Amino acid sequence: MRGAGVVTDSSIQGVGLGLRPPHYADILRSWPAIPWFEALSDNYLGGGLPLHHLTRIRERYPITLHGVGLSLGSVDPLNQAYLQRLKVLVDRVEPSFVSDHLAWVSHGGRYFHDLAPLPYTEEALEHVAERIQRVQDVLGRQILIENLSPYVRFAGSDYLEWEFLSELARRADCSLLLDVNNVFVNAFNHGFDPLTYLDALPAERVKEMHLAGYEEEGRFLFDTHGRAVQDGVWALYRQALQRFEQVPTLIEWDADIPALEVLMAEAAKAEALRSDRLLP
Amino acid sequence: MKLAALQQLFAAAALGTASASEQAHLEAQLQGSRVLPAWQGIEAYRTSVDGKLRRSLEQIYPVCHRLVGEDFFQAMASAFLEHGVSRSPDLGDYGAEFPAFLSDFSPAWSLAYLADVARLEWLWHRAFNAPDQPRLDLEALARVPPEHWDRLVFRLPAGAALIASDYPIHRIWEINTVSTACHDVIDLDQGGIRILVWRDGHSTRLDLPSETEWKLLQAFASGVPFGELCRQDFDLSGTTIAELLPLWVQRGWLRDFDLQEAAAP
Ligand SMILES: [Fe+2]
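The listed protein sequences derive, respectively, from chains A and B. With the numbering used here as the guide, the letters of the first sequence map in order to residues 1 to 280. With the numbering used here as the guide, the letters of the second sequence map in order to residues 1 to 265.
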């Protein structure tokens, strides 16, 4: 896709939306005023219609690529075939950012397609940092690593989560994607002060934030991405804006996906907080 | 505990294959949250993994889902998940063995065409997601000197596949996917059917080749070189392979070519 038609400036700002198939038609018809989209890289590793839609949308909007398949924390060898497919997509789309998670999704060649957490040990830190570096070498660019909201934590960790992430970013020389909802959900579920988390992260490495909705089930908060951003997360986002300033932010919605207007209203809410016009 | 050992235990638990002692061993490594005991946390992963694989099957096999209904489909999915292992980070690669599994799944035997419909759905899914491909490069073809024509191997489009069935599975597929399809009663005894599943640009298609076309398509699919094709005795009703080639290129059925290695003297 290099050359004609590509938006040459791939820097992003403001509040973007997750690109989801139910909205293709709307976007391609009305070219809504949305500053950028985040596409799920795993949906575009083949060809055909999905990639065609993404290519057309890329002609008008900056794109970030967000994936779940790198399995950066796994003790399995890096999946080179997957990495090459990702590289082909990255070269084609010329995204502003490429991100994946502080997680692993496979073991012994078996994929379970869910983001499993790591113990925050020195061994894990060394392991993930080295793999992130290798991925960055192949892609020829820095990637962003996103924090999870795990259902369990491991005993016997050497680091707290925010210490682990900060040290990882330093050792791997990667950037961070701060999911504010995940911090909120984790703080509630596992009982820590979310502001301690935000304060500990190296601000210069946080390049993007995520906002999403959680759901409560039996006093545990699940990061379902299936509803609007909740009040507590908006409040934490305001704190995060003070710390990380105008970092581009994404509205994520993956289950029970509503009309594009609903997502745009969420984005407008975030935008208002960014320009400090609306107090929740 | 070392990372490798921990991941082995965790993966087994998330995939539902952990023994009771492995489960206990894992729980000893975990710190429950204030509101969710560790074993419930593991259970949440197991449920989530199971749900992801199920939803993927539902998306790839919507016609089977419709034909058997939600409860029966979930029962089939449960049985499949017992042995179905995902070996790719791409969820779209999961479920290739589902049609073969259905052939052996005795509770579904009363729907004799179900496994064939599943086969068709898998091929449709693969064609839909196949890599993009330009049209056959006619200029490059023209540059092949005549003495090498015998060794030309023509290729069907990436992701194209041939499927034969004793049942009119294309009609069953159509009625259950295309809202405007004509809803006549389908005659299951109308005889066998042969389908070419392929993608033409951005539209995935089910074409019904004639008997001669079918034989030729099979030959192309198995990489029979041009010289060999010309020597085979195809009943082409008066036309020749050389005349058919440009038509098939134009239609998009032939998408690429290469030269077979010359046989050692
Ligand atoms: Fe996120």
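No lab work stands behind these hints, which were simulated from the structure alone. Being a predicted model, the structure only gives us computed values, none of them experimental. Honestly, I wouldn't trust all of these hints.
Restricting the straight-line Cα-Cα distance to at most 16 Å, the calculated cross-link-like pairs of lysine to aspartate or glutamate (EDC-like) are [as the list claims (entries may be wrong)]:
#, chain 1, residue 1, chain 2, residue 2
1, B, Lys2, A, Glu122
2, A, Lys207, A, Asp173
3, B, Lys215, B, Asp187
4, B, Lys52, B, Asp93
5, B, Lys2, A, Glu126
6, B, Lys52, A, Asp158
7, B, Lys215, B, Asp258
8, B, Lys215, B, Glu228
9, A, Lys207, A, Asp254
10, A, Lys87, A, Asp137
11, B, Lys215, B, Asp235
12, B, Lys215, B, Asp189
13, B, Lys52, A, Asp254
14, A, Lys269, A, Glu216
15, B, Lys2, A, Asp173
16, B, Lys2, A, Asp158
17, A, Lys87, B, Asp90
18, B, Lys52, B, Glu22
19, B, Lys2, A, Asp231
Partner residues are not named here, just some residues of chain B that face chain A (Cβ under 8 Å, in silico) [as the list claims (entries may be wrong)]:
#, residue
20, Gln31
21, Lys52
22, Val185
C-beta atoms are modelled at their ideal positions from N, C-alpha and C, and glycine is treated no differently.
Here is how each hint holds up against the structure:
{"no.": "1", "hint": "B/Lys2 x A/Glu122", "verdict": "holds (11 Å)"}
{"no.": "2", "hint": "A/Lys207 x A/Asp173", "verdict": "holds (13 Å)"}
{"no.": "3", "hint": "B/Lys215 x B/Asp187", "verdict": "violated (25 Å)"}
{"no.": "4", "hint": "B/Lys52 x B/Asp93", "verdict": "holds (13 Å)"}
{"no.": "5", "hint": "B/Lys2 x A/Glu126", "verdict": "holds (13 Å)"}
{"no.": "6", "hint": "B/Lys52 x A/Asp158", "verdict": "violated (32 Å)"}
{"no.": "7", "hint": "B/Lys215 x B/Asp258", "verdict": "violated (20 Å)"}
{"no.": "8", "hint": "B/Lys215 x B/Glu228", "verdict": "holds (14 Å)"}
{"no.": "9", "hint": "A/Lys207 x A/Asp254", "verdict": "violated (22 Å)"}
{"no.": "10", "hint": "A/Lys87 x A/Asp137", "verdict": "holds (11 Å)"}
{"no.": "11", "hint": "B/Lys215 x B/Asp235", "verdict": "holds (10 Å)"}
{"no.": "12", "hint": "B/Lys215 x B/Asp189", "verdict": "violated (23 Å)"}
{"no.": "13", "hint": "B/Lys52 x A/Asp254", "verdict": "holds (13 Å)"}
{"no.": "14", "hint": "A/Lys269 x A/Glu216", "verdict": "violated (22 Å)"}
{"no.": "15", "hint": "B/Lys2 x A/Asp173", "verdict": "violated (25 Å)"}
{"no.": "16", "hint": "B/Lys2 x A/Asp158", "verdict": "holds (13 Å)"}
{"no.": "17", "hint": "A/Lys87 x B/Asp90", "verdict": "holds (15 Å)"}
{"no.": "18", "hint": "B/Lys52 x B/Glu22", "verdict": "violated (24 Å)"}
{"no.": "19", "hint": "B/Lys2 x A/Asp231", "verdict": "violated (40 Å)"}
{"no.": "20", "hint": "Gln31", "verdict": "holds (5 Å)"}
{"no.": "21", "hint": "Lys52", "verdict": "holds (5 Å)"}
{"no.": "22", "hint": "Val185", "verdict": "violated (32 Å)"}
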